[in-house]
Amino acid sequence: MLKQCEGSHAVAATVALCRPEVICAYPISPQTHIVEGLSEMVRDGTLPGCEFINVESEFAALSVAIGSSAAGARSYTATASQGLLYMAEAVWNASGLGLPIVMTLANRAIGAPINIWNDHTDAMSMRDAGWIQLFAENNQEAADLHIQAFRLAEEVSLPIMVCMDGFILTHAYEGVDIPTQEQVDAYLPPYEPRQVLDPRDPVSIGAMVGPEAFTEVRYLAHAKQMQALELIPQLAAEFQQQFGRDSGGLIRQYRMEDADTVVIALGSVLGTIKDTIDDLRDEGNKIGVLGITSFRPFPLTEIRDAVSHVRRVVVVEKCFAVGIGGIVSRDVRTAMRNRPQPLYCVVAGLGGRAITKDSLHQLFMEAIEDKLEPLTFLDLDWNAVNRELERERLTRRSGPIAENLLRDLGVVAARVG
Amino acid sequence: MEKPFAITLDVGSSLANKTGTWRTYRPQYVDRLPPCNNACPAGENIQEWLFHAESGDYEQAWRALTANNPLPAVMGRVCYHPCETACNRGQLDESVGINSVERFLGDQAIKLGWKFTPPASSSGKQVLVVGAGPSGLSAAYHLARLGHQVTIQEAGPFAGGMMRFGIPKYRLPRDVLDAEVQRILDLGVVLQLNTKVENIEQSMKAGGFDAAFLAVGAHIAKRAYIPAADSARMLDAMQVLRGMEDEEKPMLGRRVVVYGGGNTALDVARTAKRLGATDAIIVYRRTREKMPAHDFEVEEALQEGIMIKWLSTIKNMSDEGTLTVEKMALDASGFPQPTGEFETLESDSLVLALGQDVDLSLLNGVPGLEIKDGVVQVGTNMMTGRAGIFAGGDMVPSERTVTVAIGHGKKAARNIDAWLRGETFAPAPKHALAEFDKLNTWYYDDAPKMVRPTLDLARRQSTFEEVVGGLDESTALFEARRCLSCGNCFECDNCYGVCPDNAVIKLGPGNRFEFNYDYCKGCGICRTECPCGAIVMVPETI
Amino acid sequence: MTATTIKFYQTGTHTVGNRLLDPEHRSVQADMRRTNSLNSGHRACQGCGEALGARYAIDAAMQATDNQLIAANATGCLEVFSTPYPETSWQIPWIHSLFGNTAAVATGIAAAMRVKGRSDVRVVAQGGDGGTTDIGFGCLSGMFERNDDVLYICYDNEAYMNTGVQRSSATPGAARTATTPAVGTAPGNVFGQGKNLPLIAMAHEIPYVATAIVSELRDLEAKVKRAMEIRGARYIHVFVPCPLGWGTNSWDTIHIARLAKETGVFPVFEAERDQIVSVSKIRKQLPVEDYLRPQRRFAHLFSPKPNTDAIAHIQALADRNIRRFGLVDPAADTAIAAPVATGNP
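As you go down the protein sequences, you meet chains A, B and C in turn. The first sequence begins at 15 in the working numbering and counts up one residue at a time. The second sequence begins at 64 in the working numbering and counts up one residue at a time. The third sequence begins at 12 in the working numbering and counts up one residue at a time.
Just chain A, same shape as in the assembly:
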């Protein structure tokens, strides 16, 4: 049923249809509306057979999910940003133990400086934690990915982060088709755990594993992600068959057929990029876009095949590995190993900075002309940066950077302070 609703509520309603049995959460913007919605459904009985547990931290939130999942209950939580870092130890633990928890990550920047707005730094900080990471382009996909995530997680016994851009998606009202309970039930069977804490068949879960078997355990985690690589397109196809919608999968291609230039990105920014590319196409440029839905496992082969014919690749990413550069672009480079095409890494939208069509248009034109630096920061205010660098050169006690910049930009008193 098509509903005009906030992204968070669409996700909450869809998660509820997945019949989670234990939901635990600690509030953090911009995840709050999702768990608020679920808590209300548990309270008012629209989500029966489910425990909603208000915990004292994200660390506890995921830990409760670890316990409930190990005890055989379908378990769900949601977080963002600092919260993901606060639960980092448990993030690794959940995947190490092979527990099929589904967690929504309302992507948000990581401080300091503290910042509640969207980028992908949080998800990228956990990209090696062993979780499957799926990125939603819009609210419909965000909702649909949760249904597929529970199915996939339980099939391969791995936890899954469904990443949706904070505020841009979570707080945006769009029309979303919320499926019926029957549809979801037909797609998602009850949870059959691979291992479970049960007095009738006791096992010890979480042994200490030494050098003699640790590599094998890690390899098996990798092997499971490789299985997921096979499964994700199948599940997306099955989903399309049952729900009549194209959601999920490994990658999504747009106007790629004869493209010389391909832009690669994740998440909601794909919408703006597609609009820009439509304009560029209209202007006669052979440019296309490739959206990555499954960042972990990373679809190396699919990307390699998709870009085999192009002349250049531009990766627009909302994250940044300080001291080296792009994160997504490095993985794309791995997919393009032994290929001669240039790859331009563009860091954009950090901390919620708007990625405008104008900026993208200019950026892509420079790429087409191969004028881009290998690493570009979209719309970087060089004046502000240079002023601060100069200040630091002149004065030992140069003061806090963030506050200096805001003062330079004249926004301290007027808009933030």
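It is possible that some hints are incorrect.
Pairwise CB distance ranges, derived in the manner of DEER restraints [stated by the list, open to error]:
1. B:Asp94 with A:Arg208: 54 to 64 Å
2. B:Glu577 with C:Arg334: 44 to 54 Å
3. C:Glu240 with B:Ser537: 27 to 37 Å
Just so you know, these hints were derived from the structure itself, not from any lab. Just so we're clear, the structure is a prediction, and the values are computed from it rather than from any experiment. Note that CB positions come from ideal geometry on N, CA and C, so glycine has one too.
We have chain A; now place chains B and C onto it with these hints.
Same frame as chain A, now just chains B and C:
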């Protein structure tokens, strides 16, 4: 279920890890000799019968007790209980009242008519026991239970020996003695009273006996030379105490002086009091500390108004009964020395309680015997120099108590039995002593000793009713349960419980425990926490 | 005390078993059918108090729940020595997740049992003092505050033993650890308030809080049983000597625990909500020196010269415990009432 590799494990798999290889010391269960057992002259397995009594199985306790001593009701009254002196509990609070429980069991047996189990088969051998005192009765009992035909020849008119003629009724009621003697006779032992053996070899030949056990006791009172006028009334303790068994009680008068410091002196003085003496005075040449009599008897006597003149000797006695008494002083080595100071003491009679000698006339003409200091010498097997003739009790060198005599009877019986079969009796080797420092006394609750009720003083001074009462069932049970079980596992489950490695296997009631050396790491907690010291740690050898 | 006081004259209620007790009064550990939840073959040091305490507690919990029990375990000695791949010593469904999240994992298990309609299955969380009073404190407090149906058992050996004896917030003043060495003007751990977790648990007003000690098995078992009769958050703090970390003889583990109680160093009590409902009295009061002297972690208090100030400080803390919890009953006659002899002479 199909489990994730390495991180999920099957229960019980740690049994593959044999941690026993870590051990440098290994625990072992041991049995130690409890001090009570060690101290018992009758060789009773006190701890064993207390164990049965603790669970309220009094008959089993009595049977365990009488495996070594057939006279528990008597012993529970007259034994000086060296077991209690040795009892480790004495160092904790007060010793276990072993003697009280023994009496309770003995009395219970009489009350309920428990009988000894007759021997399974007869040996066909005849054994003569001379003397129906404690030693002779004990020997007869054990020999009978070993299947031998026993005849006791007793010179006197009653069985019991010094138990009857040396111990007053107020300490040992005669019906108790009679009941326990009768139970022995019920095993088929023949008792011939008023049958004095004049010549042992003749008696043996006449009766066709294969062996003999002599236990004639020491009944001849020792005399001291005290110059006395003709009409002075001077008696010996044996006369007085034996006379108490006759119809005519001895006439002692109102002021009775008893000379001596042993238990017999006290018995006579207390008897005199009960016969109506207003004053019963004991004259003893040394101090209370040096007195051979047992302290509790001295205490009871003093309660009853017996007076004791310490450091005094009697020099002479006049017609009127006036005694001249010299004061003594202890010298540096603790011996009394005359001081030359004299005083007088009025008396109606003077009773000498200076000890007894043995009448050895029955041994005249027996070759190979060695007699020294008025007693017969015997080997460790209780056999005299004459093969087949054994002896015990007061007529052989040893402490003269009923308990020692009973022990002699048992020991002699076992040796006679072996000798009759042409063998040598070899007692089981003794375990090392269970000393107090081997115990972990934390585990024992504080529990005061049960005190036996005592007859009120007025009745004690005027009647021959038994002074000390017995415990009832609840108090006897309580007292039995005060036993610490020194040195021997009593299945408290401590080792089973305190092992951090579950390396103790419980074998079930009565079967104790085993160590599982596959997993025992040798930490030694079981040893430390064993209440009774029944575990030792021994170094592992490589 | 909730332990049935059975006065058995020979060994009181102090030994593990007693052949003369009624079966219902016997300890779980005396039972040949006990579950040995933590089985042989584990790799705890010789004389490990934690291994002992854990088996006592979990066996008791198993009996109380008719074996319907799941345990979550914090990282630490207990976890490492019990489940090194490929062997586990646990006979029960058991999970180790992390060092600091055990209470939360247990909450999750309890929630799962509830939604699965398996409320008969009870959940125990367990950890050492570090995993409880320090790194796991946040999750523990949260579990308490939500009153989740979990029994949390802390095995307190007063330092981080698994990592090599470093100070925790449960380490007592003056104790030498690897991070509070016995050097300088105030050797060993500083004297502070410490983190008294049983009292903190009581401040959460959870239904049940108790302390226990490996030297009082029956008391410990009774408390676990009691805890299992209650729904909601429960906390039992078990004092477990560590021969390695404390520098004590492997055979003295129980002895040392006993001294901790008899000196007043470790109060043994039981509370419901925020009220103390029973106290295990000191049987034979001893000076703290008796407790300190056998432990090498306190050796610097006695040599080269006695540190009388520090010893007096520890004694004052023990005395405070004694006053605060009423550990010594001045009128108490520890001897049992003797039955009166009624035999007639």
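Okay, the hints, checked on the actual structure:
1. Between Asp94 (chain B) and Arg208 (chain A) the beta carbons are some 55 Å apart, a value that agrees with the proposed interval 54 to 64 Å.
2. With their beta carbons about 47 Å apart, Glu577 (chain B) and Arg334 (chain C) fall inside the hinted range of 44 to 54 Å.
3. Distance hint for Glu240 (chain C) and Ser537 (chain B): a CB-CB separation of about 34 Å, consistent with the stated range 27 to 37 Å.
When the structure is compared with the earlier hints, no violation turns up for any of them.
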